[in-house]
Amino acid sequence: MLIRSKVDAQKRADQIGYFQVELTVMEQENILSLNEDQHSAIVSYHKNLLGELSSNFDIDSNKQEKQLSLGMKITSFLGALGLAASVFFLFYQFWGKFSTNIQLFILMVTPLIGLTATMYVSGKEKTGYFSKVFGLVTLAAFVLNLSMLGQIFNITPSENALLIWAVFAFLLAYATDARLLLAMGIILMASFLSAKTGTWNGCYWINFGERPENFFPAAIVLFLLPFLPHNRFSGFSSIYRVFAMLLFFIPVLILSNWGLVSYMNFARDSIEILYQVAGFVFSAAAIFVGIKKGWSEVVNTGNAFFTIFLYTKFYDWWWDWMPKYLFFLVIGLTAMLILFIFKRLRNPDISKEVLS
Amino acid sequence: MKIAISSRKLFLLAFLIVVITNIIVLSGVVFNRSAEPYREIILMERELTPQYRVHKDNSGLSLQLTWRVLDINGHKGYSYYSRQPAWLNREKLEELGFNIIADYLNSDIDARLYKKPVAKEVFIVLENNGEAYQESLTRAQIYLEEKKVLLSSNSGDKRLNKNVKEAQRRLERERISKSRLFAIDAGIDSEWLREKYSDQTRFIIAKGLVEPRYNYQKKGVTGYIKKLSVENIHVALKHRQLLDPVLLKNISKQNVNVSSRYKVVLAYGSRYEPWIVAASPVE
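Protein chains in written order, with this note's numbering: chain A, 13 to 368; chain B, 35 to 317.
Warning: the hint list may mix true and false statements.
[Unchecked claim] Examples of chain A residues lying across from chain B (beta carbon under 8 Å, computed): (1) Y104; (2) F110; (3) P123; (4) Q163; (5) I164; (6) F165; (7) P169; (8) L184; (9) T346.
These are computed hints drawn from the structure, not numbers from a lab.
Ideal Cβ placement from N, Cα and C applies to all residues, glycine included.
Sequences are here, hints too, so could you generate the full structure?
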């Protein structure tokens, strides 16, 4: 098994754990009996392998370590947000007391110092917790850098700043293998692409949210990006796909209920019906493709949106005239039906048949 | 396809992005401020107002460019926040690139009434202390005369008496404290606007956002100026040393008519971005 990322290493360590538990059960039930040499060879092999994985990828080798890691992830996330906000407010608190030259010096040097610190920490630390914190603070410093230059010199706001910040966030995310920074990069890049789509269609860039169709090109680009190899990076492909689906289905949901914000000049009802159909078709297609490719996040997101589209339609059709007990009964029964279908799909023989 | 760039190279690229972006931004600033032509205009506090509420966590200071329009509803349509000038009609909007018939006046009645328009960035001409301001003064005078005529026929009416006093206060504010900066035209060809409004001491050409709106009273589409792209002008430390003592003088009562306490020389560069050249207290 080729181990290229921390996720791969963790999977292998978990696999070893399950094997050891299963081996003990099989020995207790006298199905398998290994002699002393074979036993010690396996133990020694696993010990060396886990030691190697631990030193290279800092994996969690037991349940307690896993729980502790989760706590550390949450803490580092909160710490990163706190420090990033602190950098912002620190500058705002004192910048009025500095001359323009000193302001410029501070704004330009802070992200460079942040980058140096992130690079140093990521080289020294295997876990990546501190490099993620430093990375986010550095991104905040760079955002502050450009936005404050805009304020100091009264520069006309431009969507190009979003592109620069997005590229910077992506570089930091790939350099430190940080999903939080990747999410920041994706949000910034999606905003840039949507703003650009808006300007090509005659909008002022900052109003890109007023026409939800502006998000569709960004959704397509983000969905295609994980087709480039991402094996070295932990969970990056899933994050791209989830964001791509959110950027597609949320605008579709808005347009299916409020057709007047569409670019299309058809009657309002026609636009809403078109997007309602698109919502059902694409969410069902997402579930199908997700099962076929083994992308659990695509299945779950598709499932969530299919249910939302379905319930929205139920509300439109029945809320006003149906007794409330009956309406909620229908909702409940529908949920049971969906559960039944998914239970059937979980059966490997049936899912194989459906997908073939 | 194999992509394997080392972390060190990615960090190096990030360093380059920070440095190159700063160089590009600062080059743009230098270009804006050095390349001809640029224009300078003297504005008073009534046109460049300090923010009323300065946040305690922000030590910076900016002055807001306060501009007005001659309202579409004539002298009765008096509103401090009016952003619908009479000149920004349907023809003007089409000239600015809006496709009114296709986007806002189609056969679907719902769309005509509710379809949310999208804003465009165009060039807006602002006139300081010119004909538009004189017209605004005249409107305030006419309004006062009308209220006086109504009161003279019912001299004991308290409501009419109150209306006259309000009209007098409006005229007083027009004369002393309200901004004399008016948006008078818009276009997409900045060079043409520069030539047409060549008086550098009276006209500013700035970028701003315009959008069509359905006017229910007029039963048609009219234009609305949402904002100028740069409305808050940063005050550098060297100018603050002159302005801060003036700004610290308290105005004893809100809504009182006060004359401007300072004047500012504001320049607009080749990229239509402003900066403060000089600031001084008014004696």
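Okay, the hints, checked on the actual structure:
1. Taken as an interface hint, Y104 of chain A checks out: its beta carbon lies about 5 Å from the nearest beta carbon of chain B, inside 8 Å.
2. Restraint check, F110 of chain A versus chain B: the minimum CB separation of about 7 Å is within 8 Å; hint holds.
3. With a least beta-carbon distance of about 5 Å to chain B, the hint placing P123 of chain A at the interface is held under the 8 Å criterion.
4. The interface hint given for Q163 of chain A holds, since its Cβ lies 6 Å from the closest Cβ of chain B, which is under the 8 Å cut-off.
5. Interface restraint check for I164 of chain A: the shortest CB-CB distance to chain B comes to about 5 Å, inside 8 Å, so the restraint holds.
6. Proximity of F165 of chain A to chain B holds as hinted, the smallest CB-CB distance being about 5 Å (cut-off 8 Å).
7. Because the beta carbon of P169 of chain A sits about 7 Å from the nearest beta carbon in chain B, less than 8 Å, this interface hint is met.
8. Here the hint on L184 of chain A is kept, as its CB sits about 6 Å from the closest CB of chain B, short of 8 Å.
9. At a threshold of 8 Å, the smallest CB-CB gap from T346 of chain A to chain B is about 31 Å, leaving the interface hint violated.
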